[in-house]
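*Asks:* Use these hints to put chain P onto chain E, whose structure you have.
Same order as they appear, the protein sequences are chains E and P. The first sequence begins at 26 in the working numbering and counts up one residue at a time. The second sequence begins at 26 in the working numbering and counts up one residue at a time.
Hint data in this document are derived by calculation from the structure and do not stem from the laboratory. There may be inaccurate statements among the hints.
Said to hold, decoys possible - Derived Cβ-Cβ restraints for the label pairs, each shown as a range:
{"id": "1", "chain 1": "E", "residue 1": "GLU233", "chain 2": "P", "residue 2": "GLY36", "range": "54 to 60 Å"}
{"id": "2", "chain 1": "P", "residue 1": "ASP42", "chain 2": "E", "residue 2": "HIS48", "range": "44 to 50 Å"}
{"id": "3", "chain 1": "P", "residue 1": "GLU209", "chain 2": "E", "residue 2": "ARG140", "range": "46 to 52 Å"}
{"id": "4", "chain 1": "P", "residue 1": "TYR263", "chain 2": "E", "residue 2": "SER208", "range": "20 to 26 Å"}
{"id": "5", "chain 1": "P", "residue 1": "LYS225", "chain 2": "E", "residue 2": "ILE76", "range": "39 to 45 Å"}
{"id": "6", "chain 1": "E", "residue 1": "GLU212", "chain 2": "P", "residue 2": "CYS67", "range": "41 to 47 Å"}
{"id": "7", "chain 1": "E", "residue 1": "GLU233", "chain 2": "P", "residue 2": "GLY47", "range": "44 to 50 Å"}
{"id": "8", "chain 1": "P", "residue 1": "GLU203", "chain 2": "E", "residue 2": "MET26", "range": "24 to 30 Å"}
{"id": "9", "chain 1": "E", "residue 1": "GLU203", "chain 2": "P", "residue 2": "SER165", "range": "27 to 33 Å"}
{"id": "10", "chain 1": "P", "residue 1": "GLU233", "chain 2": "E", "residue 2": "LYS181", "range": "36 to 42 Å"}
{"id": "11", "chain 1": "E", "residue 1": "ASP112", "chain 2": "P", "residue 2": "GLN35", "range": "35 to 41 Å"}
{"id": "12", "chain 1": "E", "residue 1": "THR144", "chain 2": "P", "residue 2": "ARG195", "range": "34 to 40 Å"}
Every residue gets a Cβ at the ideal spot worked out from N, C-alpha and C, and that includes glycine.
There are 2 protein chains.
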Amino acid sequence: MELFYSRDIQGGICRLDQDESGHCVKVLRHRAGDEISVIDGCGTLYRCRIISDSPKGVEAAVISHESNWGGHPYRLHLAVCPTKNNDRYEWFAEKACEIGLDELSPVIGEHSERRVLKTARIEKVLISAAKQSLKASVPSVNEPVSVKEFIRNASKDALRLIAYCFEDERVPRRSIKEVLDSSEAKEIIVMIGPEGDFSKAEAELALEQGFIPVHLGASRLRTETAAITAASAAYFRYM
Amino acid sequence: MELFYSRDIQGGICRLDQDESGHCVKVLRHRAGDEISVIDGCGTLYRCRIISDSPKGVEAAVISHESNWGGHPYRLHLAVCPTKNNDRYEWFAEKACEIGLDELSPVIGEHSERRVLKTARIEKVLISAAKQSLKASVPSVNEPVSVKEFIRNASKDALRLIAYCFEDERVPRRSIKEVLDSSEAKEIIVMIGPEGDFSKAEAELALEQGFIPVHLGASRLRTETAAITAASAAYFRYM
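Same shape as in the complex, but just chain E:
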């Protein structure tokens, strides 16, 4: 099933941007009168009939819509340190979206090797992944902030988890599975550290702020694998 993406759907009219229009008309050869399906990135799928098949600006009339299309029964926000290699971060974003993701925050830790990230590229990856996996919601991406800033601003209404590798006898970590299984929380935040792990100071701040320390099992996972594992944990919890 082919899907288009548009943030410009109002007054019963859907307008596609230049890229989407080009793909619609020149590649897929749609013409006025054809029906197309468009996601708005916020959970709704619109069934539309093309009025104007200009390859630079398709216009279509909304026939019907469906809310919460392809959605999942929980809200997952992953805060993940950028990986040294951009490809890996993009792979992870794509997979996390397929599995189930609502919000992505790149966070820069004290031990982070990469301290910048092009969110525009990640947004494109997420739009493609949402279309391919038939979800009308596209996960949002935030601009990078420091780990400490993220910890301080994280919503206290959410079940907030921080995954780090070191052992701290004062506050033993439980498995992410155990913590999720023992909670009814539908809003989940999971922080995934860099290859060098979160620092002791970052972990301490997280605990002070009410984050629950978790481990992701016995395997030593790369950052992007840990992030996918966290997304899977939430997915299985509500499967």
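*Replies:* Showing chain P alone in chain E's frame:
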């Protein structure tokens, strides 16, 4: 922690091949007298002292060894159809190894777009992944066979699961989580189909042979994502 890999460990002597030796001596600058750790790919870690630091053929004396190093308490065999794009298959192999994998069988389905696969490349990816994730076992890769041949030859002692997308009212699919949770099986086989799904004939043969049909949740997952999700399911089952 840096690890080396060798299949040539006998009589108390470990020999590294040309690539490993070059890396050991020229890149990491090890010399005779240094201690190195070597995995044999079959579960054992050897602690060794270098005797000869030739960059073409390092020799080291075994000091001690540890069995089942970095192992996991179950045996997972994934049979996965090759993806159209080789990168995706390699990406999946790397991640599945990090999470926990013992054997990988590329299987060619009736709906498979790609009908060949270079197993040598996959082996290299798996050796790297095992070293990076500190596991002494490297998952084995088999030569590609047809889905039907795999189904017929699969060990009947294992818990055998086939994940397909279509609904079959005669034999409803259960979630992979539910099936694993209700089983004590330590040997698990999971078949993951191509983007076009397994054919009805392949699914029927699988059911005849005793495979249990499962789904991987509500999300529509690419082949490589489905395979990682299956690996995660086994990982969480025994977490």
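*Asks:* Hint by hint, note whether the structure agrees.
*Replies:* How the hints compare with the structure:
1. Our hint of 54 to 60 Å for GLU233 (chain E) and GLY36 (chain P) holds, since their Cβ atoms are close to 56 Å apart.
2. Between ASP42 (chain P) and HIS48 (chain E) the Cβ separation comes to about 48 Å, which falls inside the hinted range of 44 to 50 Å.
3. In this structure the supplied range 46 to 52 Å holds for GLU209 (chain P) paired with ARG140 (chain E), their Cβ-Cβ distance being about 47 Å.
4. For TYR263 (chain P) and SER208 (chain E), the Cβ-Cβ distance of about 21 Å falls inside the hinted range of 20 to 26 Å, so the restraint holds.
5. Checked against the hint of 39 to 45 Å, the pair LYS225 (chain P) and ILE76 (chain E) passes, with Cβ atoms roughly 41 Å apart.
6. Checked against the hint of 41 to 47 Å, the pair GLU212 (chain E) and CYS67 (chain P) passes, with Cβ atoms roughly 45 Å apart.
7. A hinted range of 44 to 50 Å holds for the C-beta pair GLU233 (chain E) and GLY47 (chain P), which are about 49 Å apart.
8. As the Cβ distance of GLU203 (chain P) to MET26 (chain E) is approximately 28 Å, the hint placing it in 24 to 30 Å holds.
9. At about 32 Å, the CB distance of GLU203 (chain E) to SER165 (chain P) agrees with the hint of 27 to 33 Å.
10. For the pair GLU233 (chain P) and LYS181 (chain E), the beta carbons lie near 54 Å from each other, so the given range of 36 to 42 Å is not met.
11. In this structure the supplied range 35 to 41 Å holds for ASP112 (chain E) paired with GLN35 (chain P), their Cβ-Cβ distance being about 39 Å.
12. In this structure the hint that THR144 (chain E) and ARG195 (chain P) lie 34 to 40 Å apart at CB is violated, the actual value being about 48 Å.
In summary, the numbered hints that this structure violates are 10, 12.
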